[in-house]
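Residue numbers (my numbering), protein chains in the order written: chain A, 1 to 283; chain B, 1001 to 1323.
Honestly, I wouldn't trust all of these hints.
Here are the simulated DSSO-like pairs of lysine-lysine, each with C-alpha atoms no more than 27 Å apart in a straight line [what the hints assert, rightly or not]:
hint : chain 1 : residue 1 : chain 2 : residue 2
1    : B       : K1242     : A       : K92
2    : A       : K236      : B       : K1003
3    : A       : K50       : A       : K30
Residues from chain A shown here face chain B by an in silico Cβ test under 10 Å; the list is partial [what the hints assert, rightly or not]:
hint : residue
4    : D83
5    : L85
6    : V103
7    : T104
8    : G105
9    : K107
10   : L174
11   : A187
12   : I239
13   : A241
14   : F247
15   : E251
16   : L253
17   : L254
Read the hints as simulated data drawn from the structure, not as lab findings. Since the model is a prediction, treat every value here as computed from it, not as a measurement. Glycine is no exception: its CB is placed at the ideal position from the N, C-alpha and C atoms.
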Amino acid sequence: MAWFKKGEEEERRGRHDDPKPFEELWVKCKSCNEMIYRKVIERNLQVCPKCNYHFQIPARSRIEFVVDPGSFLEYDADLAPTDPLEFKDSKKYPHRLKESQEVTGHKDAVICGEAKIEGQPVMIGVFEFHFMGGSMGSVVGEKITRLIERAIEKRVGVLIFCASGGARMQEGILSLMQMAKTSAALARLKEARLPYITVLTDPTTGGVSASIAMLGDIIIAEPKAMIGFAGPRVIKDTIRAELPEGFQRAEYLLQHGMIDLIVERKDLRHTLASLLTMLKVDH
Amino acid sequence: MVKHYLDFEKPLVELENEIEHLKRFSRGKTLHVEDQIKHLEEKLLRLRKEIFSNLSGWQITQIARHIDRPKASFYINELFTDFIELHGDRHYGDDPAIIGGMAKLDGKPVFLIGHQKGTDFKEMAHRNFGMPHPEGYRKALRLMRMAETFQKPILTMIDTPGAFPGVGAEERGQAEAIAQNLRAMALLRTPIITLVIGEGGSGGALAIGMGDRILMLEYSIYSVISPEGCAAILWKDGEKGKAIAADYLKLTARDLFRLGVIDEVLEEPLGGAHRNPKEMANRLKEALLRHLKNLEGADLDGLLNQRYEKFRKMGAFIEEHRK
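Construct the entire structure; sequences and hints are all you get.
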């Protein structure tokens, strides 16, 4: 089953102002700045063949890359955001939402559902970074909480792919409280002895990092992913000094004992399946 | 005389100075200025009431951050007896940005945990302006677990610009420390009361904030991001848009009460807690005792279910086709 329908994707792109052919054919790697032929990257699971940087990819593609074909059943796709603060900056919040909804085809920044990975059932949640930077507002918090509650009900583990700048400013304090809400659900998951695995992708920062992401029994990161609480610019402005080489990258976190392992995209499915199998508590 | 005043308090301070001047000038002389002084004092009260009944989000933010605003250490000394400060996270260090320990409230032992910004520049620097490192959160968690073991209620006081954004903080797992506290507090088998006494700066505040009751002083703020941070993202200029952002963010105690995030707004003395700290302390004590009494002896499973539901309900969304 193809989650990432090419036709649709092209149609979506077509809605934007005339795309430049050069940018359509070539991609600049964020990490090594190399220009790479788009098709090469696509064939390589969106991984830079020169430096192994793992590009941020749509949530649907992530699901497609790791779950057994046809096994994904989406939950709560109709849960939609509202505007509790009547937040307005250069654009009104509902306008920003609408733009993101059109670009991604999702109501908000996370897709949740159940699936199987090499036959192992799991509840899976995937952040969509292209939806307002994967920011966590009320919908993201509610969907993830429901996902965890379903996992407890059905006695399966939870897998979450993080890609987020943090809590969503436009929903103010309610976004912050989603950290409390999801963490409370994770407390119950732990009590139920069900495994929780997080995969941190580029970038995972702020409130998502300080709740969902860092609570994994097993924390996996993609190579070179930026992971942290505060953003590097904020830190630089605060301490008024240069940051260490490789600071807040997955490899740096591994060295400092903050994550369990770094797994390449091509190996992820099998690693996840093995972990889920081995963590299962026999009854 | 007031040492520090805010821009919108200027007309008040001018009046205060005028009254003071008259009093001093007439001292020991047979000048009949009593009527004039009385008149000015009435005017001052009227003006103060007027100004403080119409504060903007940014003005409230300024009061919440006021250097003279009573800090956690003040309330600890004022409300409690026999305070014993306990230090360290047993892993790396002791973080002065968070004070923790045990004390008695009306003779009953409680655990206290609070951000401490400091009252003068020297203390502020020592306490890193109330911005904790991971060690602070881990110390808080250690003490909260101890409170659970010995079945004592926990009182947390929030007053921080946020968790410290620094290299060491990141290297030692700032995000992990905060996340651990959130998850642990959800299942802590003892009552927790959280007081927002000044500035509630995002995740760094929430990390000690998952109370069964969350009370907020009238001129405190609690927000996902500071007004300056919000303005910096939206308009690339933190200074310019901070006042507008403070209103957008809906960060005042009354806003949070409306949004269903806090349980009670504690009224402050006219002009803010720093104008009459003792009176504020009395009001705090009354509220604390009332809520503690309410929570004491509660069935713990029931308490945890209520705590779960409390946070479970927070948020606003639309469900289009409920199955």
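Restraint satisfaction for A/K107 [CB to CB of chain B, less than 10 Å]: 8 Å, holds
Proposed interface contact between A/A241 and chain B, which counts if any beta carbon pair is under 10 Å: 8 Å, holds
Pair hint outcome, A/K50 versus A/K30 [Cα-Cα no greater than 27 Å]: Given pair A/K50, A/K30 holds - Cα atoms ~12 Å apart, limit 27 Å.
Chain B contact restraint for A/F247 - C-beta distance below 10 Å: 7 Å, holds
Per-residue hint verdict: A/L253, partner chain B, C-beta under 10 Å: Result: holds, 9 Å to nearest chain B Cβ.
Interface hint status, A/L254 versus chain B (Cβ within 10 Å): With Cβ-Cβ at 12 Å, over 10 Å, it is violated.
27 Å Cα cutoff - pair A/K236, B/K1003: 33 Å, violated
Hint validity - A/V103 Cβ closer than 10 Å to any chain B Cβ: This hint is violated: A/V103 lies away from chain B, its Cβ roughly 20 Å from the closest one there, beyond 10 Å.
Proposed proximity, A/K92 with B/K1242 (alpha carbon, max 27 Å): 18 Å, holds
Interface hint outcome for A/A187 [beta carbon to chain B under 10 Å]: 4 Å, holds
Status of the hint placing A/I239 at chain B (closest C-beta pair under 10 Å): Since the shortest Cβ distance to chain B is 6 Å, the answer is holds.
Restraint outcome when A/L174 is required to lie within 10 Å of chain B by C-beta distance: 5 Å, holds
Consistency note: the structure conflicts with the earlier hints numbered 2, 6, 7, 8, 15 and 17.
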